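**Student:** Read off the chains here:
2 protein chains.
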Amino acid sequence: MDVRVAIDCMGGDHGAHVTVPAALSVLRNDPSVSFILVGRQETLERELARGGPAPEGRIQVRHASQMVEMDEAPATALRGKKDSSMRVAIDLVEQGEAGACVSAGNTGALMAISRFVLGMLPGIDRPAIATLLPTLKGHTHILDLGANVNCAPEHLLQFGIMCAELVSSVEGKQRPTVGLLNIGVENIKGNEQVKQAAELMRTSDLNFHGFVEGDDIYKGTTDVVVCDGFVGNVALKTSEGLAQMLATYLREEFGRNAFTRLAGLVALPVINAFKDRVDHRRYNGASLLGLRGIVVKSHGSADAFAFAFAIQRAVEAARSGVLAHIAERMAAIHKNAA
Amino acid sequence: MDVRVAIDCMGGDHGAHVTVPAALSVLRNDPSVSFILVGRQETLERELARGGPAPEGRIQVRHASQMVEMDEAPATALRGKKDSSMRVAIDLVEQGEAGACVSAGNTGALMAISRFVLGMLPGIDRPAIATLLPTLKGHTHILDLGANVNCAPEHLLQFGIMCAELVSSVEGKQRPTVGLLNIGVENIKGNEQVKQAAELMRTSDLNFHGFVEGDDIYKGTTDVVVCDGFVGNVALKTSEGLAQMLATYLREEFGRNAFTRLAGLVALPVINAFKDRVDHRRYNGASLLGLRGIVVKSHGSADAFAFAFAIQRAVEAARSGVLAHIAERMAAIHKNAA
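Protein chains in written order, with my numbering: chain A, 500 to 837; chain B, 500 to 837.
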């Protein structure tokens, strides 16, 4: 299916130098996608020229005179920067000119502007940030990762419904399993928030697995793991820290002396295969779920390889019809409740 | 300093088969420690005979006729098993016959019985579970890991004070740094719980670093990381899951074919040095802080190598005078507040 995605080319730590080559690489691999690159026209044209010939007619440049800074307060970005590359990319989704948008910019600003411009889907109270993580069985989806520090049980239920629809729409998986993150799997474990959310999920038509624990994320016990934004953010950042520490230790051990360096050379193809398999760049691209439009957030530090994955995530979501599926599901729930 | 530790030899997945050899190994390496092994006399004597000659006069056996099951409800264990090996070991601490006790048994039961038998230190409302984790700089201490699913800001402050006293008492580190786990380092980030706790910590005489994020745990940004038991448990279990997944992937890559297996043989000493460095068994032994006695919890699945680390943790804590230091600190705070 032909799909057009708006790309905020100025966001992130590296801006157009990363976003434009990433867009070109996706374009060359996917004949039915086109992009609107948003940012300073001069910068974008320079990067496009540098990137070599682009497929005819599948790239447009939309000039935006402003940029949201990485540390800018969301409210300032929302009110004061109506011509920022981030805002214009989201506006293009709202106007129906793009089926999705991607940004590596300031998360808070992206969330605030998306919510203001696009609004929420009916029946959804709050947006949530969902991402993919690798597991022993393949991958899982986890949300929320920081959009909501305090969540009522109803919000956790909505997160589960949205993400289950995302998985079934994008991956074609019927009735994906949903786990609720807790500190034990027995019904008596946890705080009131998760106990009540579990009750809501059990009586919903979700394929609810029950409680899962932190290690179940990477075991791949369920297709979806639901938690509040505080817990999800800590789980994700703790994982990043642990992975970095282990990578540093492994590098140090292989660099210890002449023998270990030689062993490292022999083992290099294996170590590279391992690194490739767990490469966090392959999991770049978090979906802001619950909005009336598809918005994908890339890591600010993403390189072109990683940013291309975030673009692909936006393309897949736009093709999948996930928004209509979430809206239908919420309407059915509302009708049953009435 | 001579110290005597009571060991619940029947707890954990493996019981006396693991706990007795672990005790013997610690005894052989530390001439100023003695143990009271608690459990079924017959079992303990058999394991002691199997373990070879024990240092003269430094091992006593105390018979206990009951055992707390790993899945037993804490209330049942507390009320119904007054002669369990766990209960007797804790009683020995209460009676002053042992300076500390160690158990690999049921965490909930250990906490409930310890709290009932030993009581809380003055000024401490709730016990917390603290453990060591490896970091890029050495190690850090994190608490709470699951004793408290809902914490008021005052509890988080008390956790910080207790763990800072533990670090200064055991490691001789003056004014260890304390970080409060949050989803961002700016003051506006997080929920009300952490914002208010940060305010309390800032105005206390803790060496308060401020907010830290999940990745700061393994970066070793602070000596102590404070969080509530829900968040801490998720962070710890998520780390366990990630580490297991990475270990599995590494094994799979080295086992892929004849060439990778050969590379694995060449790299084996390096991989072993790496595994040794991050071996979670070295970090076994969580302290139940806040009680009027030293209680250390070992992983239920610990082998003898791991259980010996938990015993050493108990020995170090008993030698350090940490309980008196926490009590003094709380009395000083109380006096200043009055």
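Hints listed in this document are in silico derivations from the structure and should not be mistaken for laboratory results.
Being a predicted model, the structure only gives us computed values, none of them experimental.
Even glycine gets a Cβ: it sits at the ideal position worked out from N, Cα and C.
Don't take every hint at face value.
[Claimed, not checked] Simulated DEER-style distance windows between Cβ atoms:
#1 B:His833 to A:Phe758: 12 to 22 Å
#2 B:Asp570 to A:Ala572: 14 to 24 Å
#3 B:Gly799 to A:Lys581: 56 to 66 Å
[Stated by the list, open to error] Cut-off 30 Å, straight-line C-alpha distance, at most; resulting in silico cross-link-like pairs (BS3-like, lysine-lysine):
#4 A:Lys718 to B:Lys636
#5 B:Lys581 to A:Lys688
#6 B:Lys636 to A:Lys688
#7 B:Lys581 to A:Lys774
**Student:** Please go over all the hints and tell whether each is borne out by the structure.
**Tutor:** Status of each hint after checking the structure:
{"no.": "1", "hint": "B:His833 to A:Phe758: 12 to 22 Å", "verdict": "violated (59 Å)"}
{"no.": "2", "hint": "B:Asp570 to A:Ala572: 14 to 24 Å", "verdict": "violated (50 Å)"}
{"no.": "3", "hint": "B:Gly799 to A:Lys581: 56 to 66 Å", "verdict": "holds (58 Å)"}
{"no.": "4", "hint": "A:Lys718 to B:Lys636", "verdict": "holds (28 Å)"}
{"no.": "5", "hint": "B:Lys581 to A:Lys688", "verdict": "holds (25 Å)"}
{"no.": "6", "hint": "B:Lys636 to A:Lys688", "verdict": "violated (34 Å)"}
{"no.": "7", "hint": "B:Lys581 to A:Lys774", "verdict": "violated (53 Å)"}
When the structure is compared with the earlier hints, violations turn up for hints 1, 2, 6 and 7 and for no others.
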